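Protein chains: 2
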Amino acid sequence: MRRLFVFILLASISTIRAQPPADLVITHGTVVTMNDKKDVIDDGVVVIRDAKLVAIGPAAIAANYAAKKTIDARGGIVMPGMINTHTHAAMTIFRSLGDDVADRLKRFMFPLEAKFVDREVVHWGTLHGMLEMVEGGVTTFVDMYYFEDEVARVAKQMGMRGVLGETVINQPAPDAKEPYGGFELAKKFIADFRGDPLITPAFAPHAPYSLDEAHLRAIAKESEALDAPVLMHVEEMPDEMATFRKDRNQTPIEFLDSIGLLNRHLVAAHCIFANDSDIALLKARDAGVAHNMVANIKSAKGVSPALKMFDQGVRVGLGTDGPMSGNTLDIIGQLGYVAKLHKLVNHDRTLAPSVKVVEMATIGGARAIHREADLGSLEAGKLADVIIFDVDATNLIPNYDVYATLVYGASGKDVRTTIINGRVIMEDRKLLTVDAADIKAHMRAMAKSIGERVGPVPK
Amino acid sequence: MRRLFVFILLASISTIRAQPPADLVITHGTVVTMNDKKDVIDDGVVVIRDAKLVAIGPAAIAANYAAKKTIDARGGIVMPGMINTHTHAAMTIFRSLGDDVADRLKRFMFPLEAKFVDREVVHWGTLHGMLEMVEGGVTTFVDMYYFEDEVARVAKQMGMRGVLGETVINQPAPDAKEPYGGFELAKKFIADFRGDPLITPAFAPHAPYSLDEAHLRAIAKESEALDAPVLMHVEEMPDEMATFRKDRNQTPIEFLDSIGLLNRHLVAAHCIFANDSDIALLKARDAGVAHNMVANIKSAKGVSPALKMFDQGVRVGLGTDGPMSGNTLDIIGQLGYVAKLHKLVNHDRTLAPSVKVVEMATIGGARAIHREADLGSLEAGKLADVIIFDVDATNLIPNYDVYATLVYGASGKDVRTTIINGRVIMEDRKLLTVDAADIKAHMRAMAKSIGERVGPVPK
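Those protein sequence lines, which keep their order, are chains A and B.
If you want the working numbering, it's the 1-based position in the first sequence plus 9.
If you want the working numbering, it's the 1-based position in the second sequence plus 9.
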C-alpha cells in the first residue's frame, strides 16, 4: 500500500515536471540570431524539434527540454545556415578549367557542356558541390542546371535544401536534343517534386537573350499557375544590355517586366548593370536578386549595385555562381569580397558594414527566394537550418566583433557542424549522410577522364 | 682470413654505393618549382640538407640520397614558401576592432596603440600572427612595428624567417617616448641581429609624411652604410599625395628619390597611387614593392597598379598588411583578390592569369626583398623554405590547372606542412616549435582585458 502511494506520488511529480521533448539542443554557443533586432545571445541555447526551431534563448532554457541529443557549442558561434542564391553545383566537374580565358561562355563553356555533361556528371558533380556547401555552412542552394531531377534526388540523399531550376534555353542542351526541350522537362520536374519538404522545383530560363519572347511569356504564365520560382541570369552581359537597348530600347529588366516575368516568383542572378530605374522596378515587383560578387569581378564584368538595392529594400541575397565562374561554393568566401568591393567602388570604407553583409548571406538570401517566413534567421517557428562555427581557429582570434570576425576573418573551413531541416548533416566536420571520400574518388576519376579528352583551352 | 676479405669487400661496395646524406626528402608530390621555366614535376622529389635545397627532380632521384627523414607528399602540391612582404604581425591583438570606421589611422589606431601596445602585446601578438602565417604557408614575413627586437626573438623561437623593421616616426611611440626615438632603437636592433640566419634587421621609417626630411636622409645614409633594408608605407594615402603635390610639387616617390631613399634597400608598401613616372622610377632605382590588395580595397583607397609594375619588371611581391587592415595574414587569401581586382579594374578577364599571381606570391616576393638569389623558388642551392599543400580538400577537386587551383580555389587552411630554413615548423598541421594552444590562450586573455578597457569605437 505504501509502495503504491509512493509510486503514484512519483508519477505525479514526474508528470508535473515533465519537460517537453526536443530532438536537439545546442548549448553554450554565441547565438547570432539575425532576427530583426540582431540579437546576439552569449552562452545561448537553440532548441530543435522535428524540422523546426522551438526556442532560442539564454543558457537557462536548456533545462526546460528533454533533449534526445545535445551539442555543446562552447566557444563557437551558432547562426542560421547560409543561403547560396545562385549556383550550378554540378559544374564542379569543370573547376580550374579555362579560368583566365576571354569570352568563355559561347566559345568554351557551352561546347564543353555539350560534350561532357550527362546524368552521371550531374549526379557526382552536384554531390561534390553540395559536399563543399555543407562543409562551408550553406544549408539552402539555388541551382540552375540540366538533369535537375537528378540534382533533386541527390539533394534529398544529402539532406540539403534546394530551390532547383531545370534550364530552358534556345539551343540543344545536355538533357534535351531540341531547343527549348527543357520547358517540358521543367514542367514534369515541377510536378514530380512539388510539396517536397526539402526541394522547391523551379523554371530556369537561361537569360533574357537566350530564349524567345514566346517561351519567356509561357514560362511566366506557367510559373504563376504552378506558383513555382523562376531562376534566371539577368543583366549579366554587356552585349545583353546593348542588344536590348538596340532592339527594344529597353533594359532587360524593363523587358522582363513588360512580359510579366518580373514578379515575386523571380530570382534574378547578377543584375550587374541594373540602373536606378531597374532597381525601382525590382523593388516594386518584389523580385529577388542573387548577388554573385566573386564571379562577377573574376569575369571583369563589374560590381553590381547590390548594396544600393539592399539599402532600398530589394530582396538581395548572395550567391557563388557555378565553380567555373566563382570556383568555390561556400558563401563565407563571398563575405569579404562583398564588403570590400562595395567600399572600393563607392570610395567609402564605412559602407557595407559587416553586420549588413552577414544579413545578405542569411535573412537576405531567404528574402531573395521569398522564404523569409521560414528561413534565414534563428527564431522560434522557423525551419531548423543552423550552423556552428569554430572560433578556435587562429584567424578568428581575437573576436571583438562577431560580424567582423565572420566577414573579414572566417573561412568556410571554420564551420564545424551543419544542421538542415533539423537533421545533423555534418558534425565536427564529419559528413553523416553521404560518403565524402567516395564522392571525391568519383570526381577525381571523372575529371581524369575529362582532362584527357578535353583538348586545348582557347587563348 | 676469409672473413676479413668479405668484410673488406662489403666495405668497398658500401663505399662505392654510398649515398650522400640528406636531412629531409619530400617524395611523390606535384612539385611546383616557380623557377624561370615554371617547371612542374609530377611525382617529384625535393631534397634538403642543412638549410638548403640540394636537388629537385623526378621520383627516381630520391634513391640517390640517404634521408634522415622522408615526407610522403602523395597527392599534394610541393612549392616554395610564400613571402608576406608587408605586415604588422603583432596587431593581431586588435583584429576585428573598428573595421568599418572612417579615417581610422589617426583617430583610432594610433591612440589604441599608444594605450595598449607594450612588449608583452608584441610578444604574444607576433607569436599569434606567425602561427597564422606558418599555418597558411608563409615562410618569410616582412614586419614593421615597435619593440622589433622582441619580434626578432619570437621569430627565432618559431623558426620563421623575417625582414624586420623597427619603426621610426615623428611622434611618441609605444617603445620610444620621444619623437624619432625609434631611430636609435633601430640602429641598435640592426647591430644586434646582423648576420642572423633567419632575421634581416631593417629600418622602418613609417611614411614619407610622418618623418621630417632630415631623419629620412639620415636613414638613407645609415641603410647604405649598414646595407640594411628600409621598409616604408609609400603612396598609400590620398592626403599624402595631395600634400606632397602642394608642398613640393612632387609625388612621394619622386621625393624619396630626391633624398636618396629610392634604391635597392627600399621595400615600399602599397604604392596605390603610383603614376607611370613613379613606376619608371621604382624600376630604374631597383626598389621593391609590397602589394597589399585586400587591405587597400577594404580601406576603399584603390587598386595599386601593381600588375603594370610587375609586367614592367618592378620587384613586386604580395603582402597582407596588418590584421586591423587586412585581417588575415596568409598570402593564399590574397591570391584570388589580386587576380580578380586587376581583371576588374582593367575590364579584362585574361589579365593577371593565375601563374603570374603565384609568381608574385613566391619569387616576386623574394625579388621585392632583394632575396631572389636564395629564396622564392625551388632550385638547388637556394634556402629550403618549402610548403606542402593538401589537395584532398573538396574545394581543390578537380585540379586541372595547379595555378588556378591555388589562386581561385585554395585556402590557407589547405597547407599541411611548412618547412623553413630546412626545419619542419609545421607537419600535418601540428606546430612543432611553439605551443599553439598556449599562444591562443594568451591572446584570448589579453584581448578580453583590452576589450573591457578599449572604450567606444568611433563612428
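These are computed hints drawn from the structure, not numbers from a lab.
Treat each hint with caution, since some may be false.
Identical copies carry no separate label here, and so any pair may be met within one copy or between two of them.
[Claimed, not checked] Subject to a maximum C-alpha distance of 25 Å in a straight line, what follows is the list of computed SDA-like cross-link-like pairs (lysine to any residue): (1) K77 - K186; (2) K47 - Y189; (3) K197 - D52; (4) K468 - D48; (5) K165 - E193; (6) K365 - G311; (7) K310 - N355; (8) K255 - G204; (9) K439 - H37; (10) K449 - P183; (11) K115 - K292; (12) K124 - F253; (13) K46 - D285; (14) K47 - L440.
Quantities reported herein were computed from a predicted structural model and do not represent experimental measurements.
Evaluation of the provided hints:
1. K77 - K186: Neither. Shortest intra-copy (51 Å) and inter-copy (61 Å) distances fail the 25 Å Cα cut-off.
2. K47 - Y189: neither (45 Å within a copy, 46 Å between copies)
3. K197 - D52: neither (48 Å within a copy, 49 Å between copies)
4. K468 - D48: For K468 and D48, the Cα distance is within 25 Å only across copies (21 Å; inside one copy 51 Å).
5. K165 - E193: within (23 Å within a copy, 68 Å between copies)
6. K365 - G311: both (21 Å within a copy, 22 Å between copies)
7. K310 - N355: both (17 Å within a copy, 10 Å between copies)
8. K255 - G204: neither (42 Å within a copy, 69 Å between copies)
9. K439 - H37: within (21 Å within a copy, 27 Å between copies)
10. K449 - P183: within (23 Å within a copy, 51 Å between copies)
11. K115 - K292: neither (32 Å within a copy, 40 Å between copies)
12. K124 - F253: neither (30 Å within a copy, 59 Å between copies)
13. K46 - D285: neither (29 Å within a copy, 50 Å between copies)
14. K47 - L440: Neither, since 30 Å and 38 Å both go past 25 Å.
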